[in-house]
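**Q** Sequence:
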Amino acid sequence: MDVKQLQQWLNDHGASPKLVIDGQGGALTRAAIINVFVNKQATPITPAEVLAIATRLGDTNDRRIRAVASVEAKGSGWFTSGLPKILYERHYFYRLTRGKFGITWYSNSKAGDYTQDKNDNDVIDSWEKLAYAACKDPDAAFQSISIGKFQVMGVHYKMLGYSHPIEMLWAARNSELTHYEMLAGYIKSFGLQMAFLKLSSTPKDCIPFASGYNGPKYADYDYHIELAKALK
1 MDVKQLQQWL NDHGASPKLV IDGQGGALTR AAIINVFVNK QATPITPAEV
51 LAIATRLGDT NDRRIRAVAS VEAKGSGWFT SGLPKILYER HYFYRLTRGK
101 FGITWYSNSK AGDYTQDKND NDVIDSWEKL AYAACKDPDA AFQSISIGKF
151 QVMGVHYKML GYSHPIEMLW AARNSELTHY EMLAGYIKSF GLQMAFLKLS
201 STPKDCIPFA SGYNGPKYAD YDYHIELAKA LK
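By the numbering used here, the letter at position 47 of the sequence shown is numbered 47, and the numbering carries on one by one without gaps.
Derived by calculation from the structure, the hints in this document are not laboratory data. The beta carbon of each residue, even a glycine, is placed where N, CA and C say it ideally should be. It cannot be assumed that every hint is accurate.
Stated by the list, open to error - Pairs of lysine-lysine residues, derived as DSS-like cross-links and limited to a Cα-Cα distance of at most 27 Å, are as follows:
{"hint": "1", "residue 1": "K40", "residue 2": "K18"}
{"hint": "2", "residue 1": "K74", "residue 2": "K136"}
{"hint": "3", "residue 1": "K40", "residue 2": "K74"}
{"hint": "4", "residue 1": "K232", "residue 2": "K217"}
{"hint": "5", "residue 1": "K217", "residue 2": "K4"}
{"hint": "6", "residue 1": "K229", "residue 2": "K198"}
{"hint": "7", "residue 1": "K217", "residue 2": "K136"}
{"hint": "8", "residue 1": "K188", "residue 2": "K217"}
{"hint": "9", "residue 1": "K74", "residue 2": "K232"}
{"hint": "10", "residue 1": "K188", "residue 2": "K232"}
{"hint": "11", "residue 1": "K229", "residue 2": "K217"}
{"hint": "12", "residue 1": "K18", "residue 2": "K4"}
{"hint": "13", "residue 1": "K118", "residue 2": "K74"}
{"hint": "14", "residue 1": "K136", "residue 2": "K158"}
{"hint": "15", "residue 1": "K110", "residue 2": "K74"}
{"hint": "16", "residue 1": "K198", "residue 2": "K188"}
{"hint": "17", "residue 1": "K188", "residue 2": "K204"}
{"hint": "18", "residue 1": "K100", "residue 2": "K158"}
{"hint": "19", "residue 1": "K110", "residue 2": "K158"}
Stated by the list, open to error - Pairwise CB distance ranges, derived in the manner of DEER restraints:
{"hint": "20", "residue 1": "T60", "residue 2": "Q24", "range": "53 to 59 Å"}
{"hint": "21", "residue 1": "N119", "residue 2": "Q24", "range": "44 to 50 Å"}
{"hint": "22", "residue 1": "Q5", "residue 2": "D222", "range": "43 to 49 Å"}
Build out the structure end to end from the sequences listed, making use of the hints.
**A** The structure is reproduced here in structure tokens:
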């Protein structure tokens with residue numbers, strides 16, 4: 001996807017005013033990237049759908065999937081603005097573009113600068129960074145965000161069945177079920193299904209999943225202990 005194709009995609013998904021397809025990626029395109037994804041009426045997941053996700057992972061009840069959700073997801077999958085939760089990872093963009101755009105607030109060889117609204121303009125900084133980056137390289141930009149309730153990276157879009165990371169973000173915009181489907185897809189794709197099924201109220205049993213899902217620093221945040229507590 002280039003910038004012209006991004007502008008056409010935004011027009012097709014409700015950009016207002018309609019964008020001129022010029023490939024320039026200016027202020028109107030950046031605003032459209034943010035405004036198109038606002039959804040304050042996203043469909044919440046139902047208990048039956050939660051159970052269906054658990055069943056897809058080989059479980060017989062929803063206790064484990066709910067425990068994972070309570071520990072790994074902090075609240076809603078949307079900001080109060082109606083935008084789906086994302087976290088922009090500038091080092092991903094830098095790596096995916098091979099440093100083409102140098103060191104900027106949206107491109108850096110080092111991770112960091114995880115601010116909320118540094119310039120006090122009532123727009124989440126991760127969304128602003130995404131909008132600027134997408135007007136430079138849409139493919140890299142949408143791969144450089146973690147998406148939704150469970151913060152699954154856009155770079156994994158193919159293994160989760162999406163044609164492009166922008167479609168992954170769009171799906172997350174529309175329903176909470178999608179967030180759980182991404183979680184289940186991630187668990188399966190990264191070989192964590194057996195670790196998931198071993199989750200119990202014993203912290204030791206939760207270590208394989210906690211370490212696999214959160215990385216080697218899982219113990220610094222007591223993820224295995226919190227998972228065990230959630231299953232008591």
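**Q** Against this structure, judge whether each hint is valid.
**A** Against the structure, the hints come out as follows:
no.: 1; hint: K40 with K18; result: holds, 21 Å
no.: 2; hint: K74 with K136; result: violated, 31 Å
no.: 3; hint: K40 with K74; result: holds, 18 Å
no.: 4; hint: K232 with K217; result: holds, 24 Å
no.: 5; hint: K217 with K4; result: violated, 41 Å
no.: 6; hint: K229 with K198; result: holds, 14 Å
no.: 7; hint: K217 with K136; result: violated, 33 Å
no.: 8; hint: K188 with K217; result: holds, 21 Å
no.: 9; hint: K74 with K232; result: holds, 19 Å
no.: 10; hint: K188 with K232; result: holds, 25 Å
no.: 11; hint: K229 with K217; result: holds, 19 Å
no.: 12; hint: K18 with K4; result: holds, 13 Å
no.: 13; hint: K118 with K74; result: holds, 21 Å
no.: 14; hint: K136 with K158; result: holds, 22 Å
no.: 15; hint: K110 with K74; result: holds, 25 Å
no.: 16; hint: K198 with K188; result: holds, 14 Å
no.: 17; hint: K188 with K204; result: holds, 21 Å
no.: 18; hint: K100 with K158; result: holds, 24 Å
no.: 19; hint: K110 with K158; result: holds, 25 Å
no.: 20; hint: T60 with Q24: 53 to 59 Å; result: holds, 54 Å
no.: 21; hint: N119 with Q24: 44 to 50 Å; result: violated, 23 Å
no.: 22; hint: Q5 with D222: 43 to 49 Å; result: holds, 44 Å
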